[in-house]
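On the provided structure of chain A, position chains R and V as indicated by the hints.
Residue numbers (our numbering), protein chains in the order written: chain A, 1 to 334; chain R, 1 to 329; chain V, 1 to 296.
Read the hints as simulated data drawn from the structure, not as lab findings.
Glycine included, each C-beta is placed from N, C-alpha and C at the ideal position.
Among the hints, erroneous ones may be present.
As the list claims (entries may be wrong) - A short list of chain R residues far from chain A (calculated; beta carbon distances all over 12 Å): (1) Met12; (2) Tyr61; (3) Ile74; (4) Arg86; (5) Val132; (6) Leu139; (7) Ala172; (8) Phe174; (9) Tyr205; (10) Glu216; (11) Gly237; (12) Arg270; (13) Asp294.
Stated by the list, open to error - Here are the simulated lysine-lysine pairs, DSSO-like style, with alpha carbons at most 27 Å apart: (14) A:Lys92 - A:Lys131; (15) A:Lys69 - R:Lys80; (16) A:Lys306 - A:Lys69; (17) A:Lys74 - A:Lys306; (18) V:Lys73 - R:Lys159; (19) A:Lys264 - A:Lys243; (20) A:Lys69 - V:Lys30; (21) A:Lys133 - A:Lys92; (22) R:Lys159 - V:Lys69; (23) A:Lys243 - A:Lys206; (24) A:Lys92 - R:Lys218; (25) A:Lys131 - R:Lys218; (26) A:Lys243 - A:Lys74; (27) A:Lys243 - A:Lys205; (28) A:Lys131 - A:Lys88; (29) A:Lys88 - A:Lys74; (30) A:Lys205 - A:Lys92; (31) R:Lys80 - A:Lys88; (32) R:Lys7 - R:Lys51; (33) A:Lys133 - R:Lys218.
Stated by the list, open to error - Derived CB-CB ranges, DEER-like: (34) V:Met35 - R:Ser255: 57 to 65 Å; (35) R:Arg129 - A:His157: 30 to 38 Å; (36) V:Gly124 - R:Arg303: 23 to 31 Å; (37) A:Pro148 - V:Tyr126: 41 to 49 Å; (38) V:Phe50 - A:Thr71: 52 to 60 Å; (39) A:Ile262 - V:Met35: 50 to 58 Å; (40) V:Gly124 - A:Glu65: 43 to 51 Å.
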Amino acid sequence: MKIDDNNVLLSVRDLSVEYHAGGEIIKAVNGVSFDVLRGQTLGLVGETGAGKTTIAKSILRVLPEPPSKVTGGKIYLKGEDLFSLPEKQMRKIRGDVVSMVFQDPMTALNPVFTVGDQITEAVRHHSNLSKAKAMKRSVDMLEMVGIPAERYNEYPHQFSGGMKQRVVIAMALCCNPELLIADEPTTALDVTIQAQVLDMINNLKKERNTSMILITHDLGVVAGVCDTVGVVYAGEIVEFGTKEEIFDYPYHPYTRGLFGSIPKLDVEVRRLHAIPGMPPDPSNLPEGCCFHPRCEHATEECLCGKIQMTEIRPGHYCRCCHATELEVKHAIDC
Amino acid sequence: MIRYIIKRLLLMIPVILGVTILIFTIMYFTPGDPAQLIMGPNASLEQIEAKRAEMGLDQPYFTRLLNYLNDVFIHGDLGKSYMNNRSVSGDILDRFPRTALIAFVSVLLSLIVGIPIGITSAVGQNTWRDRVAMVVSLLGVSMPEFWLGLMLVILFSLKLGWLPPSGIGTPAHFILPCVACSFFGVAGMARQTRSSMLEVIRADYITTARAKGLGEIKVIYRHALRNALIPIITITGAAFGMSLGGALVIETVFSIPGLGLYMCKAINMRDYPAIQGSVIFLAIAFSLVMLITDLVYALVDPRIRSQYQGKRKASRHVFRKVGEQNGSE
Amino acid sequence: MFSGRSVNKMDPNEKKKESFLYITWHRLCKNRLAMVGLVIIVLMALIAIFAPYIMPYGYDEMDLVNAMKGPTKEHWFGTDDFGRDILSRIMYGGRYSLRIGILAVGFAAVVGVAIGAIAGYYGGAYDMTIMRILDVFQAVPGIILSIAVSATLGPGFTNCIIALAIGMVPAFARMERASILNIRRMDYLEAAISVNCRDFRIIVKHVLPNALSPIIVQATMSVATSILIAASLSFIGLGVQPPTPEWGAMLSAGRNYIRNYPHMVIFPGATIMLAVFSLNVLGDGLRDALDPKLKQ
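This is chain A alone, in the form it adopts within the complex (with noise of 0.2 Å):
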């Protein structure tokens, strides 16, 4: 991956978390590693439980210490590594350089506060401005998703699904990240707020040059809103590139398989294209490369050891030892 230092915004490399639970270690995520330029977002798709969240979570420190544990890997924030950072400045960074809005808006806020309180708290906790100031300025990030006013005083419940996400989203930008992390942010939302939830996150990601990670299962979002897109299967990062390169000329069997399950409205087809198969229990992940089981293409190679990243076209990345093999066989397909 090529990395331009000065343009460069995060860099993860090599991360692993794993975690503890009745006994058995479930890794959660294997060796991954991506870079996220300025101004830029990067989509992470994938299926549910492949490790996207918690690569989130990993970024900001905000993982259940007990349960998970990180076992290898650094994130490089402006070229510092968050890991060795203690808990003090961490806290700094947290919803002041980099924020999250997480997945279900309908428990993402605490509902004893109001919700101009919360947002409010935040930008205290990272500024000096008085009070008054502060709610002012939550007052305008409320304007801002769209929310009146008058309502800084209301309580959570009192607010719908999409417009609790609204104010989710307020608190996260309210002290200006340079990079923001959505959780799947509109995956508990109906498909017309689904639109104007994501075009809201585009523009004010353009207005103030924001970095975006957005997780996602939903290729259309993708396409609505990225730049680069990682394709994650069980913890690991099987294809990476530009948005057109990866809608254009998917390469790892698994990307092919997501693309192939989009149903197309000009073609008839009987039965709809599913990936056969189940995503592998991470406790107990398969040997070599953990897509194998569910591979038409598999082979014994496919067994053996961890699969490297190979750079298929220039700045497209895939992680599949038929990768070369397979390229020429799409050449010929397209």
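Okay, now just chains R and V, sitting in the frame of chain A:
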């Protein structure tokens, strides 16, 4: 808010009525003839009959019930004790303050001591401090209070001679009874607080608070605690009920002339007006405490509060304030 | 192109089909403290059942010469004021104390669950009336209600059970009603109906495990509470009275002697504490094992 208070008060009335009817009915079915008991074994049949008529015992159930309800609610008269022919209400009011004292101290201690123990346990889950606190709490809710009372008497009164074993008169007389009665409450509250906190700490909004960069102390004591305390409020009401019951029994251990000892004597002497009156009185006291806890709960939980309040005028106040800032800048 | 044999796909049936009971038992076993509680209470029950065969002396065997002696080699827990062996009385007394708890809870659970199920299932006027009646019963704190009923019925084994059961019925009723209301709202019930699952199957496989779990936990904790309240009742002159060796009655009989012979009070009380502790610990373990949301 006022609407809620009034609504709850109104709801209390049929419940108290119901309790009175219930207790009256339960006691109605006791075997034995009070008139005979009072007149003694040597009384003649006519004398007993006359006494029964005088006491109104020959009336049918409903008449007696209505008379009783009339007495209790219109005249505040709980009847006359068979034991000493004194007004039951008078006796109860004399003695209840002592029982109430023990029960209140018990609840107070469970809040002041039990809740912090629960919080430290939850925050340091599975540390040795947590484990020890929880085992001790488990023991605390497993021992009979009167047994603890006896053990304390053995140790502190008989062996060490530091505190008096029975009676009243000085504040020192109340120390052992209160400790014995409150141990259960403190232990129970510690356990409940711990489990409430653990549940809250797992919630998404706590992760949000951390992701905002707030310090752990703020996260626990501002965000988590306020949510965890809400169910504790309801539990406090029930805890008072249990403490009342415990205090009754503790009085027999320490010979404290409160409502408990009164009821025990009444039970032994088959003094039904006294028993009836005491139970009804205790039910009313308990209901009042539950009412107060419900009100506090409604005040503290914004989800309930907003149902009973109009749109807060304060929101317009903020808007205006913000507008002023705008103008001044 | 490339040649390759297909590699074995992963067998989807690899994981053993695990039933609800198996999973619950497995989770319970991992909780060491709960296991300790289970072992202790089972031991105590066995001792109580086989007491006549294993107790060192008869429970009412008097030996006035050796009355009021502290713990010795012959009498591990000492003797009481009539020279009876306290250990034997405690072992035999388990038959009373434990049975009172189990029977009272059994009765209260059956009646309470039935009432709660009616209220939850039929709703409407039934629900309203039942709830208001329960409100009245619960306006009197549990112990005090039991005292009132006991005062009417008088002391005695059966009367004690009835008094305790009446005090516990409202809690079971409310819990069951809440369970039923909750389940009715649940989507999985609609899902089962929509795939044409037969009614009986629905009840057994879907409704029952979820409705019973809180009841089981509540029942275990209630047995613990019953033992405590029964002891209190005996202590104040209701419930079971001396010379029956119910643990609370033994405390009541021994209280006059605490100045010089505290052992008469220490051992029965410790036994009560041990039994209640084991039940509480087991109840906690059951609650954790049955909680579907709790990931260890």
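Does the alpha-carbon distance linking A:Lys131 and R:Lys218 stay inside the 27 Å limit?
-> This hinted pair holds, its Cα atoms lying about 17 Å apart.
Given the hinted pair A:Lys92 and R:Lys218, is their alpha-carbon gap at most 27 Å?
-> holds, 14 Å
For the pair supplied as a hint, A:Lys133 and A:Lys92, is the alpha-carbon distance within the 27 Å limit?
-> holds, 20 Å
Any Cβ of chain A at or closer than 12 Å to R:Asp294, or is the non-interface label fine?
-> Holds: least Cβ distance 18 Å, greater than 12 Å.
Is the hinted pair A:Lys306 and A:Lys69 satisfied, with a Cα-Cα distance of at most 27 Å?
-> holds, 21 Å
Are the Cα atoms of R:Lys159 and V:Lys69 separated by 27 Å or less?
-> Distance ~18 Å between R:Lys159 and V:Lys69 Cα, so the pair holds.
Please confirm whether R:Glu216 is truly not at the interface, meaning its C-beta sits more than 12 Å away from all C-beta atoms of chain A.
-> violated, 8 Å
Going by Cβ atoms, does R:Val132 stay more than 12 Å from chain A at every point?
-> holds, 19 Å
Do V:Gly124 and A:Glu65 keep their Cβ atoms within the hinted range of 43 to 51 Å?
-> holds, 50 Å
When you look at the beta carbon of R:Tyr205, is every beta carbon of chain A farther off than 12 Å?
-> violated, 4 Å
Compare the distance between the alpha carbons of A:Lys88 and A:Lys74 with 27 Å, and conclude whether the hinted pair is satisfied.
-> The given pair, whose Cα atoms are some 19 Å apart, holds under the 27 Å limit.
Is A:Lys92 within 27 Å of A:Lys131, Cα to Cα?
-> Holds, at about 19 Å.
Figure legend: structure checked against the earlier numbered hints; hints not met, in rising order: 9, 10, 15, 31, 32, 34.
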